[in-house]
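Engineer: This is what each chain is made of:
There are 2 protein chains.
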Amino acid sequence: MNRRSALRNAGIASVLATGLAPAVHAQAAVRWRLASSFPKSLDTIYGGAEVFSKAVNALSAGRFEVVVHAAGALVPAFDVLDAVQSGTVEMAHTAPYYFYGRNQAFALGSAIPFGFNARQMNAWMLHGNGRRLMDDFYAGYNLLSFAGGNTGTQMGGWYLKEIRGVSDFKGMRMRLGGGLVGDVMTRMGAVALDMPGGEIYQALHQRSIDAAEWVGPYDDQKLGFNKVAPYYYYPGWWEGGLELDFFINRKAFAALPADLKAIVNAAASLAHADMLAKYDALNPNALKQLVMARTKVLPFPLPVLDAAFRAAMEVFAQNDTRSPEWKRIYADMRNFQRDQIFWFRFAEARFDSFMSAQRI
Amino acid sequence: MNRRSALRNAGIASVLATGLAPAVHAQAAVRWRLASSFPKSLDTIYGGAEVFSKAVNALSAGRFEVVVHAAGALVPAFDVLDAVQSGTVEMAHTAPYYFYGRNQAFALGSAIPFGFNARQMNAWMLHGNGRRLMDDFYAGYNLLSFAGGNTGTQMGGWYLKEIRGVSDFKGMRMRLGGGLVGDVMTRMGAVALDMPGGEIYQALHQRSIDAAEWVGPYDDQKLGFNKVAPYYYYPGWWEGGLELDFFINRKAFAALPADLKAIVNAAASLAHADMLAKYDALNPNALKQLVMARTKVLPFPLPVLDAAFRAAMEVFAQNDTRSPEWKRIYADMRNFQRDQIFWFRFAEARFDSFMSAQRI
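Sequences listed follow chains A and B, in order.
FYI, the UniProt record's numbering numbers position 5 of the first sequence as 5, with every residue one higher than the one before it.
FYI, the UniProt record's numbering numbers position 359 of the second sequence as 359, with every residue one higher than the one before it.
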């Protein structure tokens with residue numbers, strides 16, 4: 001649909017007929033389908049697409065409608081990339097690292113072990129080369145991307161047994177999201193498994209897995225993992241800040257008039273900011289309840305983090321040889337991250353660490 | 001201007017005449033004036049209003065224009081509150097804590113010593129009671145607010161002499177932004193002074209002040225403070241995350257049609273996110289250059305932070321007796337902050353502190 005026909009359909013006929021402004025609830029001139037990789041039960045992440053859809057509607061006075069379909073309703077969770085690429089749907093809401101198996105570079109738009117925290121990711125995406133580099137890469141899949149939420153640093157998952165050292169990961173059957181952390185955990189000796197969130201509880205209960213990571217206190221508590229696994233470790237070093245993205249078919253986007261393009265960008269920005277704020281508002285109470293229910297909330301021992309860091313660096317070096325796109329984007333990301341780590345050591349870290357020691 | 005007339009003027013006449021969509025550069029139906037409290041030279045913070053204005057224009061296809069006026073062009077920097085309240089201008093871009101002298105509660109919408117970091121402030125504003133409580137208070141000034149940027153944790157300023165302990169603040173003449181940190185510094189024995197950013201260099205050079213705080217590496221380096229003061233301390237414990245706001249006259253906002261109201265909200269959100277990302281992208285290199293130019297970048301000694309924390313708590317208790325609005329909003333803010341500090345101690349702090357120790 002080109003700009004002229006989009007606007008002509010946007011209730012202009014009724015303006016011509018009545019001389020009045022188009023009604024907000026007029027038939028939308030542009031209707032898109034959004035395929036989410038997430039179930040409705042994951043209200044935090046799935047909800048990002050709903051925030052987006054509502055914002056698009058409000059900003060366009062109803063001229064532009066985006067109908068959100070939960071995972072599996074139109075398209076299976078992990079088929080949304082193909083669906084956007086082929087134009088079956090105009091857009092998706094997903095975690096880019098789900099497509100690590102297609103090309104390692106997808107993970108860089110989402111989260112890599114020992115990568116950015118949420119705020120640093122925003123800096124790279126908005127004022128570094130991040131978004132441009134990712135969209136250059138995504139162009140090979142006929143899509144462009146907008147940030148659509150961040151979880152913040154996730155927790156490190158639920159374990160049947162206490163983690164005393166690196167050797168505890170040897171042979172551990174662990175449910176993990178995303179192929180990159182799977183590569184790193186495999187290098188540490190674990191058996192990386194994937195399964196939908198809804199199957200984790202039963203698998204832990206039946207001891208068919210030894211450990212599982214999902215998201216953080218709010219999402220994890222809803223699935224009741226504390227009832228079947230006593231140990232809850234932090235941090236999720238593979239997700240210092242998981243960015244969710246809106247993937248949009250380039251042809252569909254190009255067909256939008258300029259104002260609706262701007263509306264897509266702004267609505268995504270609203271959804272992006274909303275998700276992290278929602279997580280930060282909801283996680284503290286959930287974590288308190290988990291602690292009160294006698295969950296053992298423990299930091300990974302430092303030797304575990306050190307071993308994971310070394311394993312991650314080995315996987316990254318291997319990825320440099322596997323994917324030229326990974327190599328190019330990763331080099332830029334690392335340079336930017338080096339500066340972020342330098343800068344955050346000063347005012348930000350000192351302020352946060354002082355505050356974390358206060359009783360207020 | 002009501003919704004109908006706003007839209008009727010929005011190029012609808014040309015639609016009726018030609019049957020074509022309104023041109024993007026048609027005469028704007030709604031024109032607002034924005035008075036900034038900041039000079040153009042402060043491109044980071046002043047730039048937030050420009051990001052907002054461009055977004056409003058793009059999102060509305062030119063139907064809504066917001067003309068940005070730098071501090072002093074229409075209205076002096078600190079008169080923007082009166083100007084919005086009276087309707088002289090429809091909106092302003094400012095730091096709410098500039099109006100602490102009117103009512104202590106203004107500071108809570110901006111930054112208080114040992115308050116939120118940028119991310120926690122977003123959580124309180126978007127998913128806590130923050131925005132609602134502030135807007136209830138701002139209603140007494142005929143205005144409502146939208147977040148319009150955050151600087152992140154600022155640096156603690158430039159000093160002629162090394163800070164060895166709390167006693168070094170006794171009699172220190174220090175340029176400070178905002179009345180609340182002035183109250184706290186006064187309690188620590190300092191002489192709190194205010195002056196525009198453009199006068200700080202000369203005052204330090206002439207030794208008419210002993211210290212001055214401004215923002216952080218990028219903004220501070222541009223003003224050349226390192227050439228006249230050797231010591232640069234961190235963190236700026238009075239600004240763990242300074243939120244800038246858009247103040248909007250309630251009557252002007254109420255007169256907007258629903259889509260333009262949504263556009264104001266979305267454009268503010270874009271400006272808000274952009275500023276922090278811009279600071280994080282620009283500050284590292286500026287700090288590196290300052291270090292290379294032999295600036296002594298040092299953390300405040302812990303006893304100084306402890307004394308400042310105690311002094312701040314005393315001022316806050318006094319504010320409870322001075323302003324019922326402060327008392328009500330502060331109580332809510334503190335409860336929310338207590339939970340944030342609890343939550344951030346786990347995944348987020350552990351991840352960031354591990355990363356800050358890595359060589360990547």
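Read the hints as simulated data drawn from the structure, not as lab findings.
Small disclaimer: the values here were computed from a predicted structure and weren't measured.
Don't take every hint at face value.
In this list, chains with the same sequence are indistinguishable; a pair is considered to hold if it fits within one copy or across any two.
[Said to hold, decoys possible] Listed next, the in silico SDA-like pairs over lysine to any residue satisfying Cα-Cα at most 20 Å (straight line):
1. Lys-54 x Met-188
2. Lys-54 x Leu-290
3. Lys-54 x Asn-265
4. Lys-222 x Lys-288
5. Lys-227 x Glu-65
6. Lys-327 x Phe-78
7. Lys-261 x Glu-65
Engineer: All hints are to be evaluated individually against the structure, with a verdict given for each.
Structural biologist: Against the structure, the hints come out as follows:
no., hint, in the structure
1, Lys-54 x Met-188, "neither (44 Å within a copy, 50 Å between copies)"
2, Lys-54 x Leu-290, "neither (33 Å within a copy, 46 Å between copies)"
3, Lys-54 x Asn-265, "both (13 Å within a copy, 13 Å between copies)"
4, Lys-222 x Lys-288, "within (14 Å within a copy, 45 Å between copies)"
5, Lys-227 x Glu-65, "neither (41 Å within a copy, 56 Å between copies)"
6, Lys-327 x Phe-78, "neither (24 Å within a copy, 50 Å between copies)"
7, Lys-261 x Glu-65, "both (13 Å within a copy, 18 Å between copies)"
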